[in-house]
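> Make a model of the complete structure from these sequences and hints.
Number of protein chains: 2
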Amino acid sequence: MLTINADRLWRTLMRSAEIGPGVAGGLKRLTLTPEDGEVRDQLKAWAAEDGFAVTVDGAGNMFVRMEGASDGPPVLIGSHLDTQVTGGRFDGILGVLGGLEVLRTLKDLGHVPKRPIEVVNWTNEEGARFSPPMMASAVFCGVETLDWLYDRVDDDGVRLLDALEAIGYRGEAPVGKPVDAYFELHIEQAPELYDEGIDIGVVTAGYAVRGLLIRFTGETAHTGPTPMDRRKNAIIGASYGAVATNEVGHAYAPLGKATASRLVAWPNKPGILSSFAELTVDVRHPETEAADRMRDEILARIAEGAEKAKVKWEVVSTWTYGEERFDPALVDLYRQAAKGLGLSQKDMMSQAGHDAYYMSRVAPTAILFSPCIDGITHNEAEDITPAHATNATNVLLNAVVARADRD
Amino acid sequence: MLTINADRLWRTLMRSAEIGPGVAGGLKRLTLTPEDGEVRDQLKAWAAEDGFAVTVDGAGNMFVRMEGASDGPPVLIGSHLDTQVTGGRFDGILGVLGGLEVLRTLKDLGHVPKRPIEVVNWTNEEGARFSPPMMASAVFCGVETLDWLYDRVDDDGVRLLDALEAIGYRGEAPVGKPVDAYFELHIEQAPELYDEGIDIGVVTAGYAVRGLLIRFTGETAHTGPTPMDRRKNAIIGASYGAVATNEVGHAYAPLGKATASRLVAWPNKPGILSSFAELTVDVRHPETEAADRMRDEILARIAEGAEKAKVKWEVVSTWTYGEERFDPALVDLYRQAAKGLGLSQKDMMSQAGHDAYYMSRVAPTAILFSPCIDGITHNEAEDITPAHATNATNVLLNAVVARADRD
Chain R
1 MLTINADRLW RTLMRSAEIG PGVAGGLKRL TLTPEDGEVR DQLKAWAAED GFAVTVDGAG
61 NMFVRMEGAS DGPPVLIGSH LDTQVTGGRF DGILGVLGGL EVLRTLKDLG HVPKRPIEVV
121 NWTNEEGARF SPPMMASAVF CGVETLDWLY DRVDDDGVRL LDALEAIGYR GEAPVGKPVD
181 AYFELHIEQA PELYDEGIDI GVVTAGYAVR GLLIRFTGET AHTGPTPMDR RKNAIIGASY
241 GAVATNEVGH AYAPLGKATA SRLVAWPNKP GILSSFAELT VDVRHPETEA ADRMRDEILA
301 RIAEGAEKAK VKWEVVSTWT YGEERFDPAL VDLYRQAAKG LGLSQKDMMS QAGHDAYYMS
361 RVAPTAILFS PCIDGITHNE AEDITPAHAT NATNVLLNAV VARADRD
Chain X
1 MLTINADRLW RTLMRSAEIG PGVAGGLKRL TLTPEDGEVR DQLKAWAAED GFAVTVDGAG
61 NMFVRMEGAS DGPPVLIGSH LDTQVTGGRF DGILGVLGGL EVLRTLKDLG HVPKRPIEVV
121 NWTNEEGARF SPPMMASAVF CGVETLDWLY DRVDDDGVRL LDALEAIGYR GEAPVGKPVD
181 AYFELHIEQA PELYDEGIDI GVVTAGYAVR GLLIRFTGET AHTGPTPMDR RKNAIIGASY
241 GAVATNEVGH AYAPLGKATA SRLVAWPNKP GILSSFAELT VDVRHPETEA ADRMRDEILA
301 RIAEGAEKAK VKWEVVSTWT YGEERFDPAL VDLYRQAAKG LGLSQKDMMS QAGHDAYYMS
361 RVAPTAILFS PCIDGITHNE AEDITPAHAT NATNVLLNAV VARADRD
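Residue numbers (my numbering), protein chains in the order written: chain R, 1 to 407; chain X, 1 to 407.
Calculated directly from the structure, the hints in this document are not laboratory data.
Hints are supplied without guarantee of correctness; some may be wrong.
For chains that are exact copies, the list does not tell them apart, and a pair is met inside one copy or across any two.
Straight-line alpha carbon distances no greater than 27 Å define the calculated DSSO-like cross-link-like pairs of lysine-lysine that follow [stated by the list, open to error]: (1) Lys177 to Lys44; (2) Lys28 to Lys310; (3) Lys339 to Lys312; (4) Lys28 to Lys312; (5) Lys177 to Lys310; (6) Lys339 to Lys107; (7) Lys346 to Lys312; (8) Lys308 to Lys28; (9) Lys177 to Lys114; (10) Lys339 to Lys114; (11) Lys310 to Lys44.
Remember, predicted model here, so these are calculated numbers, not experimental data.
Here you go:
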């Protein structure tokens, strides 16, 4: 079995961890900010050191290329370098820099793969600055258009295209191209592997995700004299919805999860009832039918809460993903690689969203998980050990090479 | 009985309604904005037309003065010209412009009062841009310091002193001076007078108000894989608190009222659990003991909700006002004036906060209410009829003159 340069991988991860530091040991490297520009420049510099060409497409996706013995669609490895506001040092980052380490190792070994191998850094996987998440892989896969992506606006009113041009990463390449296969290494973002002491998670499928953006409409009025039975406070409608979401999540635990992740109101000031509120609801379950049932129960309870609050409500946007089943051949490459390296492994489902979900629509795709300590993620305390990074990247290396070198 | 020029009063109110128009027929004239500067300039121009001197104090409070036959502390009439984000055309405004009409009428009549009469426009009664409300009358009455007022900051990070200087209304006069008595005319902001068809409300006391700012502290984590039983989402803690506040309000209705008026969270984004939230709670009841009991029940339920949400919570700020009892002699002047004018009247309590609450600590004070249609206020649909304005201002006129001319 091939093995990577573990020290080099860890040094590379730690160098990334210096770019866009948070306040508590993690990262705040929101997409298309100057910090994101800086880590992109660093990735380009690393590629240049080894003579790997870098292509940037119109959505800012970056492709680091190792040529193969023959041309043709590349084997693609990827993830993302952007983070949440309170992000960790490994979420997404391990996938990109682990991919870079695969190329570096092959170069060290003088191993020219039969097919080209590329490593992609997807723009805005997190959706923390521009919503929704996984936006640029969605365009790459034809799920959304490039104009739609350019028109997304952040909470400060900045248009995505302007932010992309400001950091100099609106590339010339068209968005989307044929790909032989897509491999994604990611930290698990749940405590299962870590709690059970297992080295590698082989992801066979995703949790069904149901997203809802609910809008509540009430009426402004004075917080003092307005009789309780004449009030239409949108904050109360949204709060009933948040509580219902959480309680349905608990009712379906441990498999089901439901989150009220965002609640905004207007005018949202002391002295006045709010006429407007929005609630973002996120439902996940390994079984599609159960996810749909959770969503329907939440909607029924939102209707009850809105009636109590005397506010109108409507679902203004929905999103659905995660029911992908990954490519059995690629899944088996991970299993064989882990077995060959003597690592413990288990099959699992991904609960978080990943760019691989969209990629599975256009190419054979599979995700590989490494443990993360206590399952903590989207938090600056997110952490892994060098051994976690090494083991998973060794599996990635052998699986990718097996794919790239097949007849 | 003396009577005002009703047409002139209405024209003056309608001129004010042109300054800082909202989007639905009301006003958006937040304190210390250019629109507030414009209406202040208009008040100064109106005063100049009739030769009334205008003094501005260090907090931006404006005093329009009619000299009396003798000097000494003035009889003061006042309210405010600032509005909520979705404000009406009469809330506060009727009190200031009704006061101006009192001065104009006395000038028309050649009636020189024994004591000087002044009309005050208090800075930032609403608290909609800079919190808390009734800030400048609090400083006038020695409840807060002027430096404290200057240091308040709006949601855009603008310091109050800078906003005050930007519109040119940081005056030279010291904040606070002896006052013979304080009269405030205000729309009721509740539907009682309007529903019962009564012309005049004589305010004898205020509702006890208990304000709370609660902070919830949780932990950021991923909305997807994080197990339900490991979540500490501050939005859920705050939402339980908002629901509890509303339900306690309903349990104590119709006398008691409780409002969740503001709910903010951070990061408050899709994909992540929020580590921070704040909830503003406003409790009102005519009986002090019941207001305290409502507050305590809400706090107990907030503790339960925080436990379910696994978040920490603390009360970071509290405020208390409204238990003032108004001056019996002034209250009786309103009653006698209404009776003399043949208007129907009833004694009532004020549920909203007013600058009169603070003024009652330093001078004999009483508030007069006029009906507002359907009790709608802090809403652009707020409305009154010309007759409502005329009747109430006639009562104000006769009560003020009786006070100013007493031996």
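> None of the hints should be skipped; say for each whether it holds.
Tested hints:
no. : hint             : in the structure
1   : Lys177 to Lys44  : within (21 Å within a copy, 69 Å between copies)
2   : Lys28 to Lys310  : between (40 Å within a copy, 25 Å between copies)
3   : Lys339 to Lys312 : neither (56 Å within a copy, 45 Å between copies)
4   : Lys28 to Lys312  : between (37 Å within a copy, 24 Å between copies)
5   : Lys177 to Lys310 : neither (51 Å within a copy, 47 Å between copies)
6   : Lys339 to Lys107 : within (24 Å within a copy, 99 Å between copies)
7   : Lys346 to Lys312 : neither (47 Å within a copy, 36 Å between copies)
8   : Lys308 to Lys28  : neither (40 Å within a copy, 30 Å between copies)
9   : Lys177 to Lys114 : within (19 Å within a copy, 90 Å between copies)
10  : Lys339 to Lys114 : within (24 Å within a copy, 102 Å between copies)
11  : Lys310 to Lys44  : neither (55 Å within a copy, 44 Å between copies)
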